[in-house]
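A.B. asks: So you can see what is in the structure, the chains are spelled out below.
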Amino acid sequence: MHKHDPDALIVSAPQAHSYLVNKRAFADPALFARELQEIYGKLWLYVGHDTEIPKPGDFVTRTVAGRPMLYVRGADGVARVYLNTCTHNGATVCREEFGNRKHFPCAYHGWVFDCDGRLVEVPGEAAFGPQFHKADQGMILPPSQASYRGFTFVSLAKRDDLVDYLAGAAQYLDILCQTSAAGMRVLPGSHQYATRANWKMLPVNVIDGNHFMPTHVTYLQYLRERGSEMKEPIRDFHEAHLGNGHTVFEYEAPWGRPQGKPDPAWSDAVNAQILARREELLGRLGADLGDRIARRNRNLVIFPNLIINDIMGTTIRVAEPISVDYMEITAWQFCPADDPPELARVRNEQFLTFLGPGGFATPDDTEGMEASQRGFACYREAPWVNYSKGIAAEMAGGYTRPGESDFMMRAFFNAWQEYLGIDRFAEAS
Amino acid sequence: MSTHDITRTEVEEFLARDAWLLDTWQLDAWLQLFTPDARYQVPSTDRPAGDPVGSLYLVDDDHRQLCFRVKRFNLPQGHAEQPHSVTQRLVTNVLLHGERDGALDVTAAFLIARTRHGVLDQFVGRYELRLMRSDGAIRFLQRRSVLAMPGLRPVGTVGIIV
Numbered sequence: 001m002h003k004h005d006p007d008a009l010i011v012s013a014p015q016a017h018s019y020l021v022n023k024r025a026f027a028d029p030a031l032f033a034r035e036l037q038e039i040y041g042k043l044w045l046y047v048g049h050d051t052e053i054p055k056p057g058d059f060v061t062r063t064v065a066g067r068p069m070l071y072v073r074g075a076d077g078v079a080r081v082y083l084n085t086c087t088h089n090g091a092t093v094c095r096e097e098f099g100n101r102k103h104f105p106c107a108y109h110g111w112v113f114d115c116d117g118r119l120v121e122v123p124g125e126a127a128f129g130p131q132f133h134k135a136d137q138g139m140i141l142p143p144s145q146a147s148y149r150g151f152t153f154v155s156l157a158k159r160d161d162l163v164d165y166l167a168g169a170a171q172y173l174d175i176l177c178q179t180s181a182a183g184m185r186v187l188p189g190s191h192q193y194a195t196r197a198n199w200k201m202l203p204v205n206v207i208d209g210n211h212f213m214p215t216h217v218t219y220l221q222y223l224r225e226r227g228s229e230m231k232e233p234i235r236d237f238h239e240a241h242l243g244n245g246h247t248v249f250e251y252e253a254p255w256g257r258p259q260g261k262p263d264p265a266w267s268d269a270v271n272a273q274i275l276a277r278r279e280e281l282l283g284r285l286g287a288d289l290g291d292r293i294a295r296r297n298r299n300l301v302i303f304p305n306l307i308i309n310d311i312m313g314t315t316i317r318v319a320e321p322i323s324v325d326y327m328e329i330t331a332w333q334f335c336p337a338d339d340p341p342e343l344a345r346v347r348n349e350q351f352l353t354f355l356g357p358g359g360f361a362t363p364d365d366t367e368g369m370e371a372s373q374r375g376f377a378c379y380r381e382a383p384w385v386n387y388s389k390g391i392a393a394e395m396a397g398g399y400t401r402p403g404e405s406d407f408m409m410r411a412f413f414n415a416w417q418e419y420l421g422i423d424r425f426a427e428a429s
Numbered sequence: 001m002s003t004h005d006i007t008r009t010e011v012e013e014f015l016a017r018d019a020w021l022l023d024t025w026q027l028d029a030w031l032q033l034f035t036p037d038a039r040y041q042v043p044s045t046d047r048p049a050g051d052p053v054g055s056l057y058l059v060d061d062d063h064r065q066l067c068f069r070v071k072r073f074n075l076p077q078g079h080a081e082q083p084h085s086v087t088q089r090l091v092t093n094v095l096l097h098g099e100r101d102g103a104l105d106v107t108a109a110f111l112i113a114r115t116r117h118g119v120l121d122q123f124v125g126r127y128e129l130r131l132m133r134s135d136g137a138i139r140f141l142q143r144r145s146v147l148a149m150p151g152l153r154p155v156g157t158v159g160i161i162v
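The listed protein sequences correspond, in order, to chains A and U. Residue numbers for the first sequence follow this note's numbering, so the first one is 1 and each next one is one higher. Residue numbers for the second sequence follow this note's numbering, so the first one is 1 and each next one is one higher.
Chain A with its partners taken away, still in its complex shape (with noise of 0.2 Å):
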């Protein structure tokens, strides 16, 4: 083996048919302050969905990047981000995870603001003088805001690119909020998780093929014994790099969706509706969206951090890194506006025993990201992730197989590598 320069993010080197990362990436306090300051205060970052508010006065509180945020419909009917964090002595003014509010009362002193961020009544507000107004301490807006199909996402820096920077990633969201004639819309309640593993772990998690026959076994077994048809492979695969680090992979799984696709495992009133789900998407949408919709699955990471997987459930999953070697994960189901009861039962059997972190499939992700970020300890004196599966096959000009390569792994790293502007460890402290 050649010794590659230990100090080196990345060692690309495609005629030798190899890709290395550096483990260090995963494990270097230095590195990840500088992740926070190149990638999370720079970037376009997911804060939640706006059917999560529907009227006005709903708001939903997150933390995006470190800072506490208040997502929250106007009277006017707008959804909108302010940073929650009161204008007199910075108290996060609302304390609650969801509600109903048309004002919110900070504890500590006793300001008020409306649901559409002015500050409507200051305590001794006099003694402040004839050259204060309230008109100028309104709730803060981060520096920008954005939605695309009702994902909403802030920058920390001043930019107006959101759909720029979706890049090709746009056309996806576009094609899950077509899923149902009625919408979409995000089900109340969240799994909040957590990882002891870098924040990378995730979205790699999610666009790694490899890992998923020797980490998934048991979900397997557990859709043949609940008499899903599990002969057929993998088929009508896809991967693209989709720009600015988002990734993509398409295709049809031998098991059902509750988006469009029976499965033999579920009740014939379930296949029914989901049979009549299929006919209405390939009359709206056309044969080839619509059967695309309602056949294939589509993982999606949004660099860094926002992963939809529209597969045997469709969740919105966000990874926030807390520290080098520790992220907390919110989840979220997205699903049609109109589901029938039992359909909805079906989706979310299916969302729960893969998607869900006390099902039979995330823990054992969880299990595989803990122990490599274990094993990244060793990173001085065994440095290298190896993601160079399926080079040889580009290289040849073939095409990779679902499971056979790394392209999109690499996609994802390069575009990290170039978000931090460093090739070497040297200039990252």
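These aren't lab readings, by the way, just hints derived from the structure by calculation. Being a predicted model, the structure only gives us computed values, none of them experimental. Yeah, the Cβ is synthetic: ideal placement off N, Cα and C, and Gly gets one too. Mixed in with the good hints, there may be bad ones.
Said to hold, decoys possible - According to the in silico footprint, chain U covers these stretches of chain A (three or more CB under 8 Å from chain U): (1) 155-169; (2) 332-342.
As the list claims (entries may be wrong) - Computed Cβ-Cβ distance ranges for the label pairs, DEER-style: (3) A:ARG101 to U:GLY102: 48 to 54 Å; (4) A:THR51 to U:ASN93: 34 to 40 Å; (5) A:ALA392 to U:GLY50: 49 to 55 Å; (6) A:VAL217 to U:GLY136: 34 to 40 Å.
Starting from the known structure of chain A, fit chain U onto it as the hints suggest.
C.D. replies: The following block gives chain U in isolation, referenced to the frame of chain A:
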């Protein structure tokens, strides 16, 4: 299958047995504590009183799913619990709330100390149980664990039965 004769002593012994069978990994015997119609449920921590159709749950197992959950613990590729965690459960604050629709409503508090990879984690919450007498023994019709925790943040995921 009347439930009005189930005593507090029987309930406390039943819950101690549930904990003991889980802590000693006698999972096939533990499955016998359930009626075939039973559900094992864990609501999401931000919707503890939500219903499992209209809100997101962490776990909503019918008997078939529960049987597979138990089976998975003994499969070599059930990675999340290979090797098995060491657990010790404490169950207390047992209250009998009376009979409703043919089953006895019971609540109790739990604290589960789980050691895995040298790390001690704690799961804490309350049980919202529905018990009935079936085939001569007390069994669960509902075993719902409502976590009193900031999500699963302190513990990662929920790979064990809680």
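A.B. asks: Does each hint hold? Answer for all of them.
C.D. replies: The hints, checked one at a time:
Look at the stretch 155-169 of chain A against chain U: 0 of its residues bring a Cβ nearer than 8 Å to a Cβ of that chain, fewer than three, so the hint is violated. Only residues whose beta carbon comes within less than 8 Å of a beta carbon in chain U count, and the stretch 332-342 of chain A has 3; three or more means the coverage holds. The hinted window of 48 to 54 Å between ARG101 (chain A) and GLY102 (chain U) is violated, with their beta carbons roughly 42 Å apart. The hint said 34 to 40 Å for the Cβ distance between THR51 (chain A) and ASN93 (chain U), and at roughly 39 Å that hint holds.
Hint check: ALA392 (chain A) to GLY50 (chain U), Cβ distance near 50 Å, so the stated range 49 to 55 Å holds. For the hinted restraint 34 to 40 Å between VAL217 (chain A) and GLY136 (chain U), the CB-CB distance of approximately 39 Å keeps it satisfied.
Against the hints set out earlier in the document, violations occur for numbers 1, 3.
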